[in-house]
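Asks: Based on these hints, arrange chain C on the given structure of chain H.
Each chain, letter by letter, is given below.
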Amino acid sequence: MKTRRTLKGHGNKVLCMDWCKDKRRIVSSSQDGKVIVWDSFTTNKEHAVTMPCTWVMACAYAPSGCAIACGGLDNKCSVYPLTFDKNENMAAKKKSVAMHTNYLSACSFTNSDMQILTASGDGTCALWDVESGQLLQSFHGHGADVLCLDLAPSETGNTFVSGGCDKKAMVWDMRSGQCVQAFETHESDINSVRYYPSGDAFASGSDDATCRLYDLRADREVAIYSKESIIFGASSVDFSLSGRLLFAGYNDYTINVWDVLKGSRVSILFGHENRVSTLRVSPDGTAFCSGSWDHTLRAQPQALLLEVALPGLEPSDRPGPSAPVNLRGRARTTCKTTCSGIKMGPVSQKLPKPAFQSTLFK
Amino acid sequence: MAAGPASHGGHPRAQKPHLSKMERMVVSMQDPDQGVKMRSQRLLITVIPHAVTGNDVMEWLIHKYCITEEEALHLGTLLVRHGYLYPLRDPCHLELRLDETPYRFQTPYFWMSTLWPAAELDYAIYLAKKNIRKRGGLFDHEKEHYDQLHRKISHTWDLVVMQAREQLWAAKQRRKGDRLVIACQEQTYWLVNRPPPGVPSVLEQGPERNSCTAGRVQMTVDFYRREVECLRKALGRARVKSSVCLEAYLKFSSQRGPHDPIMSGCLPSNPWVTDNDTYWAMNAPSAAVPTRLRVEQWAFSFRELLEDPVGRAHFMDFLRKEFSAENLSFWEACEELRHGGQAQVPALVDAVYQQFLAPGAARWVNIDSRTMERTLVGLGRPHRHVLDDAQLHIYMLMKKDSYPRFLKSDLYKDLLAEAVVPPETKRRVFPFMRKPRHSSPSPALLPASASREPSGGDGEA
Chain H
0 MKTRRTLKGH
10 GNKVLCMDWC
20 KDKRRIVSSS
30 QDGKVIVWDS
40 FTTNKEHAVT
50 MPCTWVMACA
60 YAPSGCAIAC
70 GGLDNKCSVY
80 PLTFDKNENM
90 AAKKKSVAMH
100 TNYLSACSFT
110 NSDMQILTAS
120 GDGTCALWDV
130 ESGQLLQSFH
140 GHGADVLCLD
150 LAPSETGNTF
160 VSGGCDKKAM
170 VWDMRSGQCV
180 QAFETHESDI
190 NSVRYYPSGD
200 AFASGSDDAT
210 CRLYDLRADR
220 EVAIYSKESI
230 IFGASSVDFS
240 LSGRLLFAGY
250 NDYTINVWDV
260 LKGSRVSILF
270 GHENRVSTLR
280 VSPDGTAFCS
290 GSWDHTLRAQ
300 PQALLLEVAL
310 PGLEPSDRPG
320 PSAPVNLRGR
330 ARTTCKTTCS
340 GIKMGPVSQK
350 LPKPAFQSTL
360 FK
Chain C
0 MAAGPASHGG
10 HPRAQKPHLS
20 KMERMVVSMQ
30 DPDQGVKMRS
40 QRLLITVIPH
50 AVTGNDVMEW
60 LIHKYCITEE
70 EALHLGTLLV
80 RHGYLYPLRD
90 PCHLELRLDE
100 TPYRFQTPYF
110 WMSTLWPAAE
120 LDYAIYLAKK
130 NIRKRGGLFD
140 HEKEHYDQLH
150 RKISHTWDLV
160 VMQAREQLWA
170 AKQRRKGDRL
180 VIACQEQTYW
190 LVNRPPPGVP
200 SVLEQGPERN
210 SCTAGRVQMT
220 VDFYRREVEC
230 LRKALGRARV
240 KSSVCLEAYL
250 KFSSQRGPHD
260 PIMSGCLPSN
270 PWVTDNDTYW
280 AMNAPSAAVP
290 TRLRVEQWAF
300 SFRELLEDPV
310 GRAHFMDFLR
320 KEFSAENLSF
330 WEACEELRHG
340 GQAQVPALVD
350 AVYQQFLAPG
360 AARWVNIDSR
370 TMERTLVGLG
380 RPHRHVLDDA
390 QLHIYMLMKK
400 DSYPRFLKSD
410 LYKDLLAEAV
420 VPPETKRRVF
430 PFMRKPRHSS
440 PSPALLPASA
450 SREPSGGDGE
460 A
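So the protein lines, in turn, are chains H and C. Its first residue numbered 0, the first sequence is counted upward by one per residue in numbering that gives the first Met the number 0. Its first residue numbered 0, the second sequence is counted upward by one per residue in numbering that gives the first Met the number 0.
By construction, these hints were calculated from the structure, which means they are not laboratory data. The structure presented is a predicted model; accordingly, all values stated were derived computationally and were not measured. It is possible that some hints are incorrect.
[Unchecked claim] Computed spacing ranges between beta-carbons, pair by pair:
(1) H/Glu183 / C/Arg134: 57 to 63 angstroms
(2) H/Glu183 / C/Ser19: 16 to 22 angstroms
(3) H/Asp84 / C/Glu246: 49 to 55 angstroms
(4) C/His437 / H/Glu183: 44 to 50 angstroms
(5) C/His437 / H/Asp84: 19 to 25 angstroms
(6) H/Gly142 / C/Leu202: 24 to 30 angstroms
(7) H/Gln133 / C/Thr219: 24 to 30 angstroms
(8) H/Thr155 / C/Ala418: 28 to 34 angstroms
(9) C/Lys20 / H/Gly142: 20 to 26 angstroms
(10) C/Ala287 / H/Ser95: 37 to 43 angstroms
We put the CB at the ideal spot given by N, CA and C, even for glycine.
Here chain H stands alone, though its shape is the one from the complex:
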């Protein structure tokens, strides 16, 4: 996998990035307060605005592509409408939407430009109306800073998951403000959460150098992605379009690619010269972009992976190594349950009935 585009222009650590729905534009924010909108295909910068605060840790692109939101140490989330009018100063049209009592760690638009979901270092998440800046719903329950959030791709579109420094990942109902489910198996801060494309599970990356997959219907952790040689925390995770691969950026300057179903690492990517702070797969899955503290963003397409032999992904006539995977999990109920490993057969294109043996007690 080769870096296809390197976006240089930030003078300082890149902290966050987001893709536009048009699959080529991205917005990125950095430590010195600069927020830049790029067309990453041509590597042109289209807009740039300087926030009045440093450490802009959150930025998001509106679904319509007409606005961006960002925030950081100023405890606020501001929305900037994007304009091409040369006479207009982007900062003039800035709308201050969210108010927290501590730094803003993550923000995301919901299905439209009108609502923003934010997560903050004050331990809460909140849903805001962009137009009026009104607080629509707040979500309390984390015992420490909330570091990340992700909206569920579900039919009713009503839930989201957040992860924080209290090692918990919590799923919230946006309508009632209640916590629906909570998962606490990580050993350190959860830096990043991302839903599996079907919406039935989510992955989290944490400072304990592991990524874990939690299933919502089974209400437990179902997989751990870790390796003894990986000792630095994962700062950012994202799934490929089909959910087969999990891309995770780590604080040891590398990106590891995990096979979600087998639990093994497919590949490791080098190239950044400082920690990878943010990683997102493009909306159509053709590439992913990683931003790092070495002041650059790199867009890397995924097609080249085909040239590398991926065991188990080729059609079934290929006798790939079919190591059974042990997806161990610990039930999160209050009673102590013991569960043995769940073995899965080899994955092939024709989906035979896998031989499962699960002696899991509810």
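Replies: Here is chain C on its own, set in the frame of chain H:
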């Protein structure tokens, strides 16, 4: 070293996990049986024991963790950069060289995890020592620091110089080998704590995070009541067996495999690889003729059909033929309400009611009586979620009834047949001839009406 452990201000957070892991790794590397091969290194006339070479370290890492050379080198470099390994010869750059350069393991006194704040006084003493030992031995950035510190703590500068002289004199009493080792250790410590310009500091961790829970959540009766409620709900929740869930992932991933550019490539070509954006043009939201993969995707789930504007339009056509188009229109209107601005809520609720729910309305939707009653009651105090029940009812109706019929209909079959399968663009023979990358109009330039369409979902299909 003159410095003693300074008192930590307040409650320090638990030490970063990666430091303790690195330390465990380094300790196991020093194990006499299983660790890295140690040897005595001869430097001019002194012999330094317990030295290792970069190659040995790399081989040990490869052997122990079953990783590639590249990764082992990277890991070894990180160990050196964090000061757990130091080169014995000329340690001015912290990197793992694969030649015969000897390295040693840093003494735990200087490990990063001790969290001693590297005080200015200590740094001043160190620089003074270096200056005294060898005139002009300071690097540029060190000279700058030296001058800065001189200005800052000029009142105690005598103490600094005196300490430096004391330490140098004490060092002279030691054997040459020990002297060299201690000097290298100290130099490495300061290289980590005061990196030269251009070298990223490994100490930077970003903004302070607070994980202290005690001060945040009040342990009141209320809190425990909520906890009990939460746990009771958790116990009563119906759980699906993990095996069923895992099977679902298998099915999902294998179904989406051909649609994932990473698994199966994309036709005509991945724009990032060939600089040709035809793929995006063909799959644009408003493309006239959808590709075959796209049409197939509509059969995966109802949500994905609705998320695709072209799919939704065709579904609407189908519903018109079945005289149930008002269902989809009602659903769309409810979506607009749910995700719209707060100020528009009352007006929208009213409009929806007039158009879809009022008795004798122009496009009356068929909702069951119980839901209708509940909705009408809720309309008294309109809020953005008042139509949620009705919307869900209609959504399920479409999903269970109209959607399967749509997939079996001639309309859909014709779409599948007409869908285009773009030919693969051949790899260019001369890769040096770069095609110009076309820029595309920014969505921000589109007229406002086109952008107000609420796009469903988060893009992940």
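Asks: Hint by hint, note whether the structure agrees.
Replies: Evaluation of the provided hints:
no., hint, in the structure
1, H/Glu183 / C/Arg134: 57 to 63 angstroms, "60 angstroms, holds"
2, H/Glu183 / C/Ser19: 16 to 22 angstroms, "21 angstroms, holds"
3, H/Asp84 / C/Glu246: 49 to 55 angstroms, "54 angstroms, holds"
4, C/His437 / H/Glu183: 44 to 50 angstroms, "49 angstroms, holds"
5, C/His437 / H/Asp84: 19 to 25 angstroms, "23 angstroms, holds"
6, H/Gly142 / C/Leu202: 24 to 30 angstroms, "27 angstroms, holds"
7, H/Gln133 / C/Thr219: 24 to 30 angstroms, "28 angstroms, holds"
8, H/Thr155 / C/Ala418: 28 to 34 angstroms, "30 angstroms, holds"
9, C/Lys20 / H/Gly142: 20 to 26 angstroms, "25 angstroms, holds"
10, C/Ala287 / H/Ser95: 37 to 43 angstroms, "42 angstroms, holds"
When each numbered hint is compared with the structure, no violation occurs for any of them.
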